[in-house]
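> Each chain, written out:
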Amino acid sequence: MDLKTIVLIKQVPDITKVKFDMEKGRIDRSSAEAEINPFDLNALEAAVQVKEKVGGRVLAISMGPPQAISALRDAISRGADDAILIEDKRFAGADTWATSYTLAQAIRKTGDFHLIFCGEKTVDGDTGQVGAEVAEKLNIPHVYYVSKIKNVTVEGITLVSEMDDASYVVESGFPLLVSVTKDVNKPRLPTLREKLRAMKTEVKIWHYEDMSEFLNPEKVGYTGSPTSVHKVIVPKEKERRGRIFKNVDEAIPAILEALERERLI
Amino acid sequence: MSYNMIGGKKVIVFAEQRGGRIHPISYELLGKGREIADRLGAELSSVLLADGMRREDVMELIYYGADSVFLYNHTVFREPDIIQYKHNLVKLIREEKPEVFLFGATHFGRSLGPRVAAALDTGLTADCIDLQVDEDGELVQIRPAFTGNILAYIKTKTRPIMSTVRYKVMQMRERDLTRKGHIIEKDAEISSERSPKFLGKEKESKLNIADAKKIVSGGRGLGTPQGFTLIKEMADSIGAVVGSSRIPVDEGWISKEHQVGFSGNTVKPRLYIACGISGSPQHLAGMRDSEMIIAINTDPSAPIFKFADYGIVGDLYQVLPRLIKEIEKRKANKIE
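Chains as they are written, first to last, in the working numbering: chain R, 966 to 1230; chain C, 14 to 349.
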């Protein structure tokens, strides 16, 4: 028996380059290149390592605009075997509830599976909620903040999960959803050969119609979202513009004085 | 997705415990919960799922603002078993029909919250840093997104409105021993849903950097793992905890629990000293709300300087020993 593993991927702007319009409270997505959410690279690597150890296939799934196809090609070049992009105007504006509903229904449509991997959170939404919501909607257990995969067989998986007070060793059978932290592995870089393979691999695109038998139109996109953003502000970067010293002899007395004044020493 | 309100409005706060100790975030949530409940004219309850919790410890939740506490005592709550917690919370929420339900955005709360919200088909807003009742009497949830670069104001159309709330941002109330409230003991119901099995703890984290009052952090500029010896010396001289940016953790110079930043810990100490840290957006997102920030870096254009109250353009290996020497001198003078 081979394991069927699914990886959930999101395309995000490169957060180190993206510009924010303070006046309009807008994010200028054109200011930065899009890439796979950095946390999802660890999820993908975990899935590929599971496949290498016990055999099976890795399916990467993403919901996003048409251009997110490039993130899925990137995922293939990093070891995914198959990829599906869930793309439709009707899915736009989804919050974590509607996103997880749509993803869970797409996963149902793909049939039985053993494992779902996702990253701890995305660098744009920052919520970290979609994984657990998908698990609940699929009625499968989940383990969050996984920093280590201790063992995996066709029967089950042993993981280390970082909870607030301790690292817990957790064991589970399949199916299971696992959300990983950046500690779990070092994602590989795609080789040129893999990149070429990715160019030739078909990325399936599922529009609303392709999934309609699994979907309730009231539950997708903006309409299906229980939460909505009413306002966005780009806070003035709380720059402090404090005193910067180039001369250490001047700096040390000033800093000591400040520390004493604030009773920090 | 929604239900009609029966009786008075309720606000419920999830009180988190591990090993029978109530996590302080529970008291912070009660502080905010009290404010919201008073604005909405609602009752404030807390729910505590634990094993063998003593009534006198549970009373603390009342001293910090709850009108009542739903208390579950069962061995199944000894482990952070999401499925069992979820099952009982979902049942309670269906019975009590609160308007608002709050979780702490701890690892456990962030893992449990989405599960409960999805089961109830209601919205959940992650990692809020403020909750306000607006002029229409609606709850506005404010949360950072884009790695802390923007603030989003979010409203929820389903009930209960659920949020996870970041640790150390809400004010807890004064502990008031005269407050009266009642403890409602509930019977735990065991779910037959499949749940991962807990085999044990690998290591207890002794360091909780999020609680530190002073932090001295090292970054790439240390150049070698040995650099942390000097960072530790600096930290010891002022009674601080050692922190790190991402690179030293990735390089294996120091363990992950020391990491400050978006993918590590968010901290808000009284003093943060960044040594050899350039100040990537990810690092800044984790420390820029510190009360006083001091930066030491050889590169005058390092972004960290824009966020520092005091900056020294210089080599940390020259600056820190001098700073330590001066601090030790002052300490010695004080003793005399």
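One or more hints might be untrue.
Each computed DSSO-like pair below joins lysine-lysine, with the alpha-carbon atoms no more than 27 Å apart [to be verified]:
no. : chain 1 : residue 1 : chain 2 : residue 2
1   : C       : Lys281    : C       : Lys245
2   : R       : Lys1211   : C       : Lys342
3   : C       : Lys338    : R       : Lys1115
4   : R       : Lys1211   : C       : Lys245
5   : R       : Lys984    : C       : Lys342
6   : R       : Lys1201   : C       : Lys269
7   : R       : Lys984    : C       : Lys210
8   : C       : Lys210    : R       : Lys982
9   : C       : Lys193    : C       : Lys110
10  : C       : Lys210    : C       : Lys199
11  : C       : Lys170    : R       : Lys989
12  : C       : Lys347    : R       : Lys1201
13  : R       : Lys982    : C       : Lys338
14  : C       : Lys347    : R       : Lys1184
15  : R       : Lys1115   : C       : Lys216
16  : C       : Lys214    : C       : Lys168
17  : R       : Lys1151   : C       : Lys199
18  : C       : Lys170    : R       : Lys1054
19  : R       : Lys1201   : C       : Lys281
20  : C       : Lys214    : R       : Lys1115
21  : R       : Lys1113   : C       : Lys216
22  : R       : Lys1151   : C       : Lys104
23  : R       : Lys1196   : C       : Lys181
24  : C       : Lys104    : R       : Lys1184
25  : C       : Lys319    : R       : Lys1018
26  : C       : Lys245    : C       : Lys104
27  : C       : Lys181    : R       : Lys1151
28  : R       : Lys1211   : C       : Lys338
29  : C       : Lys210    : R       : Lys1211
No wet-lab data here; the hints were simulated from the structure.
Being a predicted model, the structure only gives us computed values, none of them experimental.
> If you test the structure against every hint from before, which numbers come out violated?
3, 5, 6, 7, 8, 12, 13, 14, 16, 17, 22, 25, 26, 27 and 29
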